[in-house]
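In the order they appear, the protein sequences are chains A, B, C, D, E and F.
Counting from 302, one number per residue, gives the positions in the first sequence under the working numbering.
Counting from 302, one number per residue, gives the positions in the second sequence under the working numbering.
Counting from 302, one number per residue, gives the positions in the third sequence under the working numbering.
Counting from 302, one number per residue, gives the positions in the fourth sequence under the working numbering.
Counting from 302, one number per residue, gives the positions in the fifth sequence under the working numbering.
Counting from 302, one number per residue, gives the positions in the sixth sequence under the working numbering.
None of these hints come from the bench; they were simulated from the model.
Keep in mind that a hint or two might mislead.
It does not matter which identical chain is used: a pair holds within one copy or between any two.
[Claimed, not checked] Derived SDA-like pairs: lysine to any residue, alpha-carbon spacing no greater than 20 Å straight-line:
no.: 1; residue 1: Lys-527; residue 2: Ala-576
no.: 2; residue 1: Lys-355; residue 2: Gly-495
no.: 3; residue 1: Lys-314; residue 2: Pro-565
no.: 4; residue 1: Lys-355; residue 2: Leu-525
no.: 5; residue 1: Lys-527; residue 2: Pro-553
no.: 6; residue 1: Lys-355; residue 2: His-511
no.: 7; residue 1: Lys-527; residue 2: Glu-552
no.: 8; residue 1: Lys-308; residue 2: Met-514
no.: 9; residue 1: Lys-314; residue 2: Met-574
no.: 10; residue 1: Lys-314; residue 2: Asp-528
no.: 11; residue 1: Lys-308; residue 2: His-516
no.: 12; residue 1: Lys-308; residue 2: His-511
no.: 13; residue 1: Lys-470; residue 2: Val-548
Here the structure is a predicted model, which means the values were calculated and not measured.
6 protein chains.
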Amino acid sequence: MFFHSSKLQYEVKVDTPNPLFAKMLQQAIGGVEGEIRVAMQYFFQAMGARGPAKYRDMLIATATEELSHIEFLGHAVALNLEGAPTSMQDDAAKDPVVNAILGGMNPRHILSSGLSAMPVNSNGIPFDMSHVYATGNIGADMLANATAEAGGRVLAARLYNMTDDPGMKDLLSFLIARDTMHQQQWLAVIEELGGLEAALPIPNSVPEDHEAMAHSYVFLNTSLDKDAPEGRWTSGPSLDGRGEFSVAPAEPMGQAPSLGDAPPDSGAQTEQMAAPPKRRAPKKK
Amino acid sequence: MFFHSSKLQYEVKVDTPNPLFAKMLQQAIGGVEGEIRVAMQYFFQAMGARGPAKYRDMLIATATEELSHIEFLGHAVALNLEGAPTSMQDDAAKDPVVNAILGGMNPRHILSSGLSAMPVNSNGIPFDMSHVYATGNIGADMLANATAEAGGRVLAARLYNMTDDPGMKDLLSFLIARDTMHQQQWLAVIEELGGLEAALPIPNSVPEDHEAMAHSYVFLNTSLDKDAPEGRWTSGPSLDGRGEFSVAPAEPMGQAPSLGDAPPDSGAQTEQMAAPPKRRAPKKK
Amino acid sequence: MFFHSSKLQYEVKVDTPNPLFAKMLQQAIGGVEGEIRVAMQYFFQAMGARGPAKYRDMLIATATEELSHIEFLGHAVALNLEGAPTSMQDDAAKDPVVNAILGGMNPRHILSSGLSAMPVNSNGIPFDMSHVYATGNIGADMLANATAEAGGRVLAARLYNMTDDPGMKDLLSFLIARDTMHQQQWLAVIEELGGLEAALPIPNSVPEDHEAMAHSYVFLNTSLDKDAPEGRWTSGPSLDGRGEFSVAPAEPMGQAPSLGDAPPDSGAQTEQMAAPPKRRAPKKK
Amino acid sequence: MFFHSSKLQYEVKVDTPNPLFAKMLQQAIGGVEGEIRVAMQYFFQAMGARGPAKYRDMLIATATEELSHIEFLGHAVALNLEGAPTSMQDDAAKDPVVNAILGGMNPRHILSSGLSAMPVNSNGIPFDMSHVYATGNIGADMLANATAEAGGRVLAARLYNMTDDPGMKDLLSFLIARDTMHQQQWLAVIEELGGLEAALPIPNSVPEDHEAMAHSYVFLNTSLDKDAPEGRWTSGPSLDGRGEFSVAPAEPMGQAPSLGDAPPDSGAQTEQMAAPPKRRAPKKK
Amino acid sequence: MFFHSSKLQYEVKVDTPNPLFAKMLQQAIGGVEGEIRVAMQYFFQAMGARGPAKYRDMLIATATEELSHIEFLGHAVALNLEGAPTSMQDDAAKDPVVNAILGGMNPRHILSSGLSAMPVNSNGIPFDMSHVYATGNIGADMLANATAEAGGRVLAARLYNMTDDPGMKDLLSFLIARDTMHQQQWLAVIEELGGLEAALPIPNSVPEDHEAMAHSYVFLNTSLDKDAPEGRWTSGPSLDGRGEFSVAPAEPMGQAPSLGDAPPDSGAQTEQMAAPPKRRAPKKK
Amino acid sequence: MFFHSSKLQYEVKVDTPNPLFAKMLQQAIGGVEGEIRVAMQYFFQAMGARGPAKYRDMLIATATEELSHIEFLGHAVALNLEGAPTSMQDDAAKDPVVNAILGGMNPRHILSSGLSAMPVNSNGIPFDMSHVYATGNIGADMLANATAEAGGRVLAARLYNMTDDPGMKDLLSFLIARDTMHQQQWLAVIEELGGLEAALPIPNSVPEDHEAMAHSYVFLNTSLDKDAPEGRWTSGPSLDGRGEFSVAPAEPMGQAPSLGDAPPDSGAQTEQMAAPPKRRAPKKK
């Protein structure tokens with residue numbers, strides 16, 4: 302069950318409001334790299350967690366923190382929209398600066414939200430929950446979480462570079478730090494469970510006779526004019542200790558696919574049917 | 302540039318067509334764990350790859366392989382739809398088996414595609430490209446790819462368990478194997494680049510003064526009634542060698558947010574405004 | 302800032318797990334009538350609230366409660382999926398009951414989530430945040446919230462009627478009660494602000510000279526063969542006390558629209574252009 | 302059945318075309334606050350209307366009017382796009398005004414529609430029909446409609462403030478007026494059916510033994526550091542006359558959720574299983 | 302401007318209601334082959350029509366007809382849902398027929414709409430307006446319309462084959478007929494404008510020096526192991542009379558793409574940068 | 302099965318990078334008129350092709366080519382983003398040119414992709430696979446393909462007009478040429494199968510007794526105040542040779558729809574029910 306405190310997790314100051322930066326910040330709220338995504342992803346993973354209870358606890362604890370991140374970023378968006386222009390001059394030449402701001406803002410910050418944050422990304426696209434990855438497999442979920450936090454920290458670093466506002470830089474430096482920790486903690490779970498060798502291949506519970514092992518450690522080169530790129534993945538032991546990497550040229554092992562003719566009454570054209578219904582006679586005129 | 306061979310990468314046999322399994326298989330084509338996603342993800346990562354060229358080559362080589370996976374899975378869906386019922390009895394009691402199949406199938410396999418594969422998941426939802434994660438950061442991208450392959454292998458393992466069809470089991474065992482390799486190869490890139498310690502935190506190019514380091518290795522416990530779950534992430538050195546893990550109770554460090562009154566002419570109710578426009582006089586009747 | 306307690310807001314018991322009911326329950330989590338929607342809607346409204354602070358407090362308090370509703374419903378879904386069939390018989394006739402269940406379930410409950418809740422509706426469609434209505438106008442927002450709770454209570458009532466499971470009925474009776482309260486509280490805000498007469502028309506801050514008042518209280522009958530349906534809206538004083546209702550037949554007051562010819566080089570066909578580029582001469586053969 | 306007249310419902314004049322305002326106007330066509338939404342919402346509510354026929358008639362009459370609103374707004378968009386720039390200078394400095402317009406326009410107004418209206422919002426996002434709320438419950442539907450018209454009138458008021466064009470102001474003043482009427486008429490249905498006391502809680506047909514009435518009129522305070530915000534909703538009779546409002550601190554009444562171990566062959570990691578399949582022996586090298 | 306008559310365009314009778322067929326019929330309302338799509342597509346094409354006015358008139362006339370098709374199909378869905386089961390038995394074995402129907406229905410027909418039509422397809426996916434194709438080019442639009450009607454007639458034919466209900470067959474035979482006419486009328490526009498030779502290539506207004514004509518009539522064979530499939534497109538005059546068809550093997554004409562190193566401060570990993578920021582020293586412990 | 306060559310199909314040169322044009326070009330990658338769409342559409346049509354094998358071969362050959370178009374356009378986007386501004390000045394007046402570029406760019410080109418192509422359109426909306434039209438009917442599919450290529454060529458022509466960059470003009474002239482060929486080849490299939498008369502109405506396999514032929518060639522005029530627009534579609538023989546075109550005023554042929562009262566326990570309001578549950582007594586106070 303959730304509770305709320307009236308203060309923000311971190312202080313939000315905006316020295317110079319900037320409606321274009323408000324649009325950019327939306328990516329950190331409603332983008333695939335954003336806070337709604339991680340809050341909901343950890344929440345749903347927690348609800349589906351099976352096995353040792355502490356991972357469930359860890360997930361819900363951090364889900365709760367991410368909700369607080371949405372909250373302070375939402376406040377940051379609203380503060381950046383303070384004083385934004387809300388009307389336009391018909392002749393853009395009159396005030397190109399104002400018109401450039403209006404053209405660059407998310408118009409729905411004016412039209413739909415009344416100058417406050419929305420659950421959308423920097424293109425104004427609402428977040429959709431298909432990005433909540435929660436598989437029931439703790440290995441897959443931890444990788445998904447580390448991925449989300451890596452994307453999130455890349456985004457925060459780019460936002461940090463984009464602004465000169467001291468308050469915003471301070472807030473983003475906190476976000477960068479928390480993304481560091483969250484990357485760490487999800488990968489630490491894998492380390493605690495024996496590290497990558499023990500975890501891989503995910504799921505590590507698949508019986509080996511369900512797997513065509515001859516194909517499990519071969520880098521297939523589909524290039525027609527280049528050798529396979531050599532690296533850790535082309536020779537030497539596999540990361541899971543079960544095999545040796547090798548390289549092979551990609552080659553068809555299957556048949557040429559064919560579905561044959563269309564059955565009658567299938568909605569196809571008669572020309573696709575072996576025994577089509579008799580063609581109607583053209584009407585005499 | 303791409304080329305095509307007329308044969309499939311792997312042989313597809315369906316001993317007993319099953320239209321419900323056709324619906325399930327769609328998850329491996331058009332689901333977030335599916336082949337369209339990885340094909341396009343590796344393709345767009347390759348197009349945006351900067352730095353050592355061999356990673357680009359690796360990405361495009363495997364993107365190309367994934368296109369071939371779409372192709373053989375698409376054929377598997379069509380073969381599972383052979384002979385599927387395409388009409389219903391008005392009285393479901395007449396033939397409950399046929400009606401249960403019709404109710405369980407994806408109706409668009411009949412209505413929209415003429416008994417062949419579609420770029421949709423097992424709920425019939427079309428794949429959308431927001432799931433193509435390509436950040437321009439090779440660390441984030443490699444984690445995203447390992448995540449995708451982990452989800453894909455979990456899915457393939459579940460599909461394997463779901464069917465008794467020998468041909469389908471054979472095909473899925475190949476898919477399980479290739480997902481093993483692909484998990485390996487993306488994580489091998491990270492190993493080649495120095496391993497997790499060197500790669501973390503992603504992006505590892507963020508200057509430390511952009512990061513509020515005091516918050517970078519602290520597990521925040523937002524629980525009101527449980528201690529922080531202890532583990533690799535609560536004490537000891539961080540995975541990136543830059544710090545020591547610790548635990549702290551989560552506490553607000555910021556202000557109580559307030560946006561004040563709504564400006565006049567902002568589309569708010571007058572009651573939200575400090576100095577609202579004068580209230581109209583109610584019409585006398 | 303948010304915090305969490307390890308116990309659910311309400312006890313969840315499932316006497317007889319039913320994977321089909323798990324699918325149905327998803328509507329209450331990820332449907333437009335569901336808990337993710339209201340949690341996020343109240344949260345974003347709170348973040349954008351201007352004017353008296355107590356409405357912000359009220360919004361965030363209830364947003365927090367709705368997060369707890371997601372949590373117990375998520376647990377209810379998982380408990381309903383306990384023991385669900387995860388493999389199929391190729392010949393549906395062999396066990397029509399199992400096959401009907403498999404056909405009726407959300408396949409992603411098996412394939413994607415490992416038998417736990419997902420942020421999707423009963424069709425498996427992920428919730429998308431475009432349904433978070435937060436306008437910055439407290440009147441519009443309160444109506445939107447009452448609407449959401451009305452839809453939610455309709456849904457809960459239908460789910461209640463659909464199941465015979467005592468634990469589920471108990472949980473749903475709690476949800477019905479909370480939806481009652483939430484309907485009440487949002488409409489009570491409007492009452493507190495003077496009631497509908499004072500609140501309407503929303504926004505009540507629009508100056509009357511921005512409104513073509515002659516058209517403000519006229520029911521337009523667009524029917525060609527029926528009189529306007531008579532009722533409270535066709536005569537008598539308007540609900541906002543500003544006018545009198547009347548009825549009028551709908552009639553065009555505007556011009557016939559015309560855009561004229563297409564400009565050259567606009568990508569139109571030449572036939573749409575007044576002075577098309579000279580037609581190429583067909584190639585001699 | 303529908304019919305059409307060749308003239309618009311209201312005259313559309315654009316004194317000074319403004320392609321940026323064309324983008325803004327799209328919100329009134331294809332936004333959630335827009336005309337496609339209300340046209341389709343009233344249409345589908347009419348098709349599902351049960352009970353007194355006059356509400357069906359009223360719904361379809363106004364649905365028909367809203368189609369005409371799409372039409373005149375579509376014309377307004379096209380007229381605002383007359384003469385819009387369709388090519389760019391490579392060096393933005395050459396003509397910053399033209400480049401700011403091109404950057405601020407919806408690019409698809411040039412690229413996809415040939416300078417005419419599209420069924421998209423001001424971010425260019427196509428309207429999707431998930432926003433058509435039609436529950437089969439007249440109370441819920443009337444609230445949903447009043448909500449839609451409130452959002453619509455807020456939007457129209459903001460668009461009015463945004464432009465200086467006399468023709469556009471005139472058109473928007475008509476839209477503001479019609480939104481006034483439509484707000485009125487939907488709420489008048491509730492008044493005609495006995496007012497809020499009779500209508501609430503929606504659905505008012507739920508037997509009281511389906512509802513855990515002890516929880517129906519209690520404002521739950523989830524805040525850890527603030528008292529419940531006091532108002533009409535914290536004491537006094539409930540709006541439906543069935544109870545008395547009160548306040549209580551939110552508290553968990555349920556269990557700590559637990560799903561136990563993952564079953565074998567469920568696609569989880571072995572570490573999540575009580576009796577995992579025997580771990581494979583690492584390959585000797 | 303639109304008007305409405307209280308009667309349906311065509312009579313709707315359902316002899317034996319079938320909730321599964323109701324789900325199927327939704328494809329004809331809210332599917333990409335359905336009536337919402339064509340109604341809106343012709344409507345938006347009409348609003349953007351430039352050039353001869355009669356095409357605009359034709360578009361709006363048929364758009365209006367399609368609205369009436371939505372209406373009678375919506376009624377057909379509701380009638381097929383009459384008497385549908387709305388509760389389930391916990392033990393599916395108790396009544397497999399009822400449970401198969403409940404599993405096969407669109408659950409939202411019960412939960413969300415109260416047994417009436419929704420603007421969704423047969424998977425329950427809401428229609429989205431991205432499928433409204435209106436380019437401003439009459440040739441492209443007419444092809445798009447013929448395509449939509451072809452898909453629509455294929456769908457109607459499949460629905461006809463799926464049901465035994467006489468009323469439904471009668472309704473579908475009318476739909477099949479109207480789709481015939483609509484296919485005809487859009488292609489007749491192309492014929493009236495000179496036929497395919499004059500219309501192609503669309504847009505026919507592109508100056509020939511904007512086109513690399515050497516590549517305009519060559520079938521590129523990308524197959525590695527099959528000859529190009531021979532047909533009307535591999536030799537002989539092109540359909541537009543401007544060239545001769547030929548065949549060529551596909552070959553790269555471009556460079557190997559390369560983006561070089563990532564710039565500093567771009568959010569990439571240091572390993573992707575030519576001159577990365579100096580690596581931090583690992584913390585001493 | 303697919304293979305890859307390391308060189309692009311066509312050379313990509315960008316003389317003057319332009320991040321706004323990069324945004325525009327995205328329409329040709331991820332728009333409905335773009336290359337992902339046609340690549341996937343031809344691919345899925347090929348996988349579902351029944352009847353003569355050469356059409357399958359043709360489809361897969363061109364699908365493969367379209368993948369190469371994605372590739373060179375993706376490179377063109379990245380090259381246009383070289384040197385794009387990635388930080389903003391708080392005071393827009395300081396450098397209006399830079400700020401207008403930042404406001405006009407797709408912000409995710411900076412924030413999400415690290416200055417490279419994304420699978421999105423010019424509004425930043427990810428492509429979704431619902432636009433892959435593959436019906437199993439070769440006539441419908443060929444029309445759909447010609448439509449896609451017509452939209453694509455319209456788009457390419459508009460992009461050509463929009464830029465002054467010689468490299469981009471050269472690339473687009475190649476795209477215009479290939480779109481010409483692809484329009485030709487899909488329509489050539491119809492010609493090869495007997496031309497439009499033989500192909501229409503699609504599907505041409507529908508028995509005539511499934512069609513209400515009296516309605517098949519009548520243009521219905523739904524206009525209340527204009528005569529039917531006269532043309533090829535109002536008189537003379539139909540394009541399929543089966544009938545004669547005529548004109549008729551649209552008239553209702555059906556009943557006034559009615560669904561009667563709502564059943565008890567259906568979640569409706571009591572006022573919608575013939576015999577509602579007894580109304581609760583208001584609580585005494």
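Do the hints match the structure? See the list:
1. Lys-527 with Ala-576: For Lys-527 and Ala-576, the Cα distance exceeds 20 Å both inside one copy (48 Å) and across copies (28 Å).
2. Lys-355 with Gly-495: within (16 Å within a copy, 30 Å between copies)
3. Lys-314 with Pro-565: So Lys-314 and Pro-565 fail the 20 Å test inside a copy (70 Å) and across (24 Å) alike.
4. Lys-355 with Leu-525: between (50 Å within a copy, 15 Å between copies)
5. Lys-527 with Pro-553: Cα proximity of Lys-527 and Pro-553: in one copy and across copies (18 Å, 14 Å).
6. Lys-355 with His-511: neither (31 Å within a copy, 32 Å between copies)
7. Lys-527 with Glu-552: Answer is both: 15 Å inside a copy and 15 Å across each meet the 20 Å cutoff.
8. Lys-308 with Met-514: Cα proximity of Lys-308 and Met-514: none, with 55 Å in one copy and 22 Å across.
9. Lys-314 with Met-574: Cα proximity of Lys-314 and Met-574: none, with 70 Å in one copy and 23 Å across.
10. Lys-314 with Asp-528: Answer is neither; intra-copy 54 Å and inter-copy 27 Å both fail.
11. Lys-308 with His-516: Cα proximity of Lys-308 and His-516: across copies only (18 Å, versus 55 Å in one copy).
12. Lys-308 with His-511: neither (53 Å within a copy, 25 Å between copies)
13. Lys-470 with Val-548: Neither. Shortest intra-copy (47 Å) and inter-copy (25 Å) distances fail the 20 Å Cα cut-off.
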